[in-house]
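Relying on the hints, combine the two individually framed chains into one complex.
Chains as they are written, first to last, in the working numbering: chain P, 1 to 376; chain U, 1001 to 1115.
Don't take each hint at face value.
[Unchecked claim] Simulated restraints, written as ranges between beta carbons of each label pair:
(1) T1012/U - I327/P: 23 to 29 Å
(2) V212/P - R1098/U: 33 to 39 Å
(3) L1092/U - G275/P: 51 to 57 Å
(4) E1110/U - G251/P: 19 to 25 Å
[Said to hold, decoys possible] Part of the chain U face toward chain P, derived, beta carbon under 7 Å:
(5) V1033
(6) M1044
(7) L1046
Since the hints were made in silico from the structure, they are not lab data.
Please read all numbers here as calculations on a predicted model, not as lab measurements.
C-beta atoms are modelled at their ideal positions from N, C-alpha and C, and glycine is treated no differently.
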Amino acid sequence: MPPPIDTLIALLASSPVDMALGTALDMAVDTSINSTTSGRAADATSSAGFASPAVLLSGAAAVSSAGLALLMQPGKRGLRIAGTVLALAGFAMLFVEVLKRAGGAGEGLPPVFPVVFGFMALTGAVRMVTHPRPVFAALYFVLVVIATAGMFLLLGAEFMAFSLVIVYAGAILITYMFVLMLAQQSPVAGVGDAWYDRMPREAASAIVVGFVILATLSEAYFSSSAQELRQTQFESSEEAGLAAGWERLGGMPKLLLESVRKAEPNAESVVPRDGRLLSAQGDSASALVKLADGTEKIVTMDSAMIPDNGRQVGVDLVSRFPAGLEIAGVVLLMALFGAVILARKQIELGEDERRGLAGMRRLTVEGEAGGTGGMR
Amino acid sequence: MNQIQPLMLAATESQTINAALLVSALLFAVGLVGFLSRRNMIIMFLCTELMFQAAALAMIAFGKVHHDISGQVFVIFILTVAAAEAALALGLVVLLYRRRETLDSEAWSELRETA
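Next comes chain U alone, as it looks inside the complex (with noise of 0.2 Å):
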């Protein structure tokens, strides 16, 4: 930890929580707005890899905030769950791709309920 403060160049332990924090937030939201926009299934998967990206790294920031090494620890478990999220989501995409020869989500809609 020591070794890295003069890398921050004036920054305050403070400031970087604060920017660390705030990157998280805006990920999460970019994500979630990719996530409701895009049509493509791997880029709406992609887009929740990046709403786990910003998980991570609020966890990371609030681990700072109570020096507590758990933050980081929790964030291995959040890389198992993106693992496996992205091996299965893959798999399904595959398969719905196999069935319509399409990536769009719309191709499903009739999955959805009867308004």
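Extracted from the complex, chain P is given alone in its bound form (with noise of 0.2 Å):
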């Protein structure tokens, strides 16, 4: 079957966006993958028919937008309920397309926990930027935190999943629950909340501001060619994956004799082979090892014996970033010193004082300008 670029970039002329990715898209795939891309992609306008997907996803964003425009006005019992319900139906609509275009198990089951974890968050992060009591706010981001934490375990990164609870929801939030407790007017009986907390500022604009940031972003995500390019790259990337998987534990002499002591109980050390001591073919790695008896043996692995998470994740970091840990710890510090130092009370002094200190005669006399200096 012959190339059909022109097919597909006429397809995907559809809309600028897509344009651009189309190119970023042609360069970077290779002939035959072209072939299926267009090939899908014919399939995919074929279906929706009735809208061109740009103008589903943006109206599915406007929709939210909507939604979110009414939820912002202050008071108003009715207004808010029409803005639960348009939000909601925006987001689903907005997920319902995107789940479609990741194609995959059409029958059975929709992906459950995705869809639970996201809308967790998005009502988190739509009631915190409502709600006007700042601590339910910072309650709610609690909640964000919490899904996203979700997220990253469906996506199997378990490490970060759980430092993220540990830092946002243990250490963060609780810094600003801190502040709010110290900084915040309590509510005056009979007029309620702050009025600032319950006035929007500029709604109108700032949800124009969303809508555009919305829509530029999942057509950039999930414009029919940007969907193709991610599906190449993850499958094509998964062989480097794995190797990487390998070459980490390759890293880790210790981790890999335990590991291979699981399939060779008797294994005393491991021995290198052409300077590694673990060459992996895909799904698979070998690596001889010097049993207890002085014979040598080829043991060979299977995935499962790939480090896990969090040990990838650390290897990772301090061997590919040893710099960028480093500088880490000094944004750090100082952010320790400069929080210690803005908050610290600063005392005002006055020009008589300041006389003083500069060890120069002071104008009036002692106890009689009292009233001078002062904290502020």
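Quick look at the structure:
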């Protein structure tokens, strides 16, 4: 089948964003993939039929923005209910459209967990932005953090999921709570919450900006060309990901010996071959081990032996980004100093105290000028 | 990773990545809207944290697309920056609150450029 690049470009030309991505895609993927790509893209366009995909996504984004706009209006119960319904409908439309584009399992159960966590995060985020009480907003942010951590788990990032909950929900949010308790005025009886928490500022233009960002992002992420590019990268990098996992195992001799012992309990040590402890071929890897009785034997390992996510993140952090790690430490130290210096009470000195500190003679007699200095 | 698979109840990898990217885009947009439209300075900074979350989620999703663990390592740096930002921003907020006795960001609107 000849590569119908022209057809592909014609299909992609339906929107300018698509066009830019389409050219990038053409450069990125080889011709064999292009032929399948245009086949699938043609299917997608013909099945959408009544509306072009870009319009659908933007429409859904507009509906959710409108819902958010209604939710931002203070008071008025009816408006808030309408806003909730609109926002939920918009989110649901986006989810349906985006999951449909992912293809794959059309039959059976819908992808339950991604959708559940997604809606948890979005509900929390919307409530956080619209709630008139800052303490509740912070608590809803905890909900967002937990839902995001759930998404991380689904994406196979266990270590980051748990550190997110610990650092965000455990540390950063508590700091926010402290400051809220320190600085928040208690609601006055009869008046309710502070007016600046009830009245949004420039809600309409904020919503427009949000809609533009959302439409651009969803178009960039989920246009058919971006979708195909992502799928290609996902498939083509699988091998590289496995290889990287094996390489990290090879870089950890102690862990390697432990995993070798699971297959061969008598293993004494791992002997390097061609300067490497482990030679990997895709899903499996083999290592030459020295047994307790002195003989050597080749042990093969399957992909279950690849180090878990936490170990991989740790090895990657110190082996690929050591400078970043050091800089992160410096940033934290500077933030510590900065916060201490900022939050320190500053004592205002009068003209006379300053003269005194500079070693000059004071203009007024001691005790007379007590009122010039003060805390603020 | 393999143990997580049954948890997702029929979601393919591609669907999970798409859902994560969508949630990240939506969280970023909502955070931006909140930052622009709320007046309470603490909530404004909370909204920046929301945008950090969105960025972290996108990092992890794209790391998954490329089968590259670096996406997750970047999230560690995002967490660092977020923590530093929270400490400094909240220090600033406390300072500003002491000066004006209000959290309203409009109280500082004389800092803006004259139109």
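Can you name, in rising order, the numbers of the hints this structure does not satisfy?
Structure breaks hints 1, 4, 6.
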